[in-house]
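Participant: Protein chains in written order, with this note's numbering: chain H, 69 to 285; chain U, -1 to 304.
Some clues are possibly wrong.
Dumping the calculated BS3-like pairs for lysine-lysine here, alpha-carbon to alpha-carbon at most 27 Å [as the list claims (entries may be wrong)]:
#: 1; chain 1: U; residue 1: Lys89; chain 2: U; residue 2: Lys146
#: 2; chain 1: H; residue 1: Lys253; chain 2: H; residue 2: Lys225
#: 3; chain 1: H; residue 1: Lys198; chain 2: U; residue 2: Lys18
#: 4; chain 1: H; residue 1: Lys249; chain 2: H; residue 2: Lys183
#: 5; chain 1: U; residue 1: Lys45; chain 2: U; residue 2: Lys65
#: 6; chain 1: U; residue 1: Lys149; chain 2: U; residue 2: Lys65
#: 7; chain 1: U; residue 1: Lys149; chain 2: U; residue 2: Lys96
#: 8; chain 1: U; residue 1: Lys165; chain 2: U; residue 2: Lys268
#: 9; chain 1: U; residue 1: Lys18; chain 2: H; residue 2: Lys180
#: 10; chain 1: U; residue 1: Lys89; chain 2: U; residue 2: Lys268
#: 11; chain 1: U; residue 1: Lys149; chain 2: U; residue 2: Lys89
#: 12; chain 1: H; residue 1: Lys180; chain 2: U; residue 2: Lys0
#: 13; chain 1: H; residue 1: Lys198; chain 2: H; residue 2: Lys249
#: 14; chain 1: H; residue 1: Lys188; chain 2: U; residue 2: Lys0
#: 15; chain 1: U; residue 1: Lys18; chain 2: H; residue 2: Lys183
#: 16; chain 1: U; residue 1: Lys165; chain 2: U; residue 2: Lys86
#: 17; chain 1: U; residue 1: Lys82; chain 2: U; residue 2: Lys65
#: 18; chain 1: H; residue 1: Lys183; chain 2: U; residue 2: Lys65
#: 19; chain 1: H; residue 1: Lys225; chain 2: U; residue 2: Lys0
#: 20; chain 1: H; residue 1: Lys157; chain 2: U; residue 2: Lys18
#: 21; chain 1: U; residue 1: Lys146; chain 2: U; residue 2: Lys165
#: 22; chain 1: H; residue 1: Lys253; chain 2: H; residue 2: Lys183
#: 23; chain 1: H; residue 1: Lys78; chain 2: H; residue 2: Lys157
#: 24; chain 1: U; residue 1: Lys96; chain 2: U; residue 2: Lys82
It is worth saying that the hints were derived from the structure and are not from the lab. Fair warning: this is a prediction, and the values are worked out from it, not measured in the lab.
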Amino acid sequence: MIVFDQVYKKYPGNITAVENLSFSIERGELVFLAGHSGAGKSTILKLIAGSLTASDGMIMVNGIDLSKINQNHRTFIRQHIGFIFQDHKILFDRNVFANVRLALDILGYSEKEVKTRVTKAITSVGLEHKINVMPQELSGGEQQRLCIARAVVHRPKILIADEPTANLDRGNALRILELFKMFHKAGVTIIISAHDENILGDYGKRIIRINQGQLGS
Amino acid sequence: MKTISMHFRSFILAIYDIFKNPFEQLLNILTIAVIITVLGSVLVISKNIYNLQKNNMNFPQIVIYLKDNVGQNDISAVEAAINKFNSKVIKNYQFISKAEGLNELEKDKELKQIASDVASSNNNPVPDVLIINTNTPDSHSLQMLVNKISKLNMVDDVQMDVNYANKITNLVGFISKILRLLQVTFSIILIIVIYNVIRLQMLLRQDEIIVSRLIGASDSFIMRPLAYYAILQITIASALAMYLVNLFVIYINNMFISLSSLFGDGFLLKQFSPIQMLQVTGTVVIFGIFAVFLAVRWVFRKSYVA
């Protein structure tokens, strides 16, 4: 489903973020990307989502070579992936419901469907009692759950989470990981990056270790 | 259906944006309206100068003095030749016979005595004359016409005040150039102001745009509410501007009303017709959509999202 083949990513100023990276992720798999801060995990996730383009090599997502597609196709790919950002990217000028509905507005869902799906997504992450609350009034863990609701509301086949447990206490972090486990059971392919491997140990899932943009041991 | 509902939602969002900060939006609308008013006023003046040039200005006359011995057949031949010449340059012509010429002289207080002596001597020295009223201030075309007429056999002399024609041409040319320059300048100012208004609006919504882009929003999804926002603002500003242009025309016409007896009714400025108002509004709306496109590109470039 996701294949990296000898992928390189260089940022302006000749800074290498990813170097000769090859791996593959199967459909319905839950994979952790582990590595210290600055190892290149976020870059890899953005490459999968099509938010960044590789400097060299091939990235295939659902059989589509991302290096060969244009802007419109990249937008299409992003519409079918759920992305949870490291810095949340919550819109603080609107309430929880309006934040979550954005993904559906982009896809042109009707008002009735938006209401049904958003309510379901918010309930699935346990924020149903905060549906009309402004994000400023949410705790860190609740804000992260809001991001998850926004990422899953359009029922994507792939869910990408960039450091979803960072800045959360162990209890909240585990609750968030339980949510991902629930989506994984529903057949969603999930890729989660994390710098703290201790929290991943209990899950018995595949861990891809990244070190300085390359596969680590 | 999906597209229509997305457009409808964008339209509602645009209205919401305008009413969310009414004071700021009013300032934007007034700024755009003032620039469109200046541009519209320049356009009204240009249009009226063109009309004055066509209908009301006294373009130079060409006076053709025929030879002493011409008969009716010769006069008809000259008229036929004039009819063949460039109809765009000649508005009309008028024949004044020797007798009519002398009659005119007798009406002149100072020349009355001489005219009466000439009449009593039965030897009228006044030539038959053809006066051509021209249709253009273009001295080059007029001079070409004069040259052609001079070559006719029965013509003794042809006179035209070339200086006057040149002055008219230069003056009209100068005013037209200034008006064109003003049109271009204010059009550019208008594009820049609209661009800046949209850019500021995008800055206010930059987070939303970047997040939308990251989760798969297409260019059109982002541009649509901004385009409606620009269209709404420009339409309101244009309506206000058209009203202000009409006030400007009424004010100028009141100033000119005392001069109208000298220049005739045509000297009053004419207002924009409803179709011309729609044309101006339509053009400015197209400017606005172009500005939205540029502003969106600018934000995308800053968002680093592929």
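Participant: Run through the hints listed earlier and report the numbers of any the structure violates, in increasing order.
Facilitator: Hints 5, 18 contradicted; others consistent.
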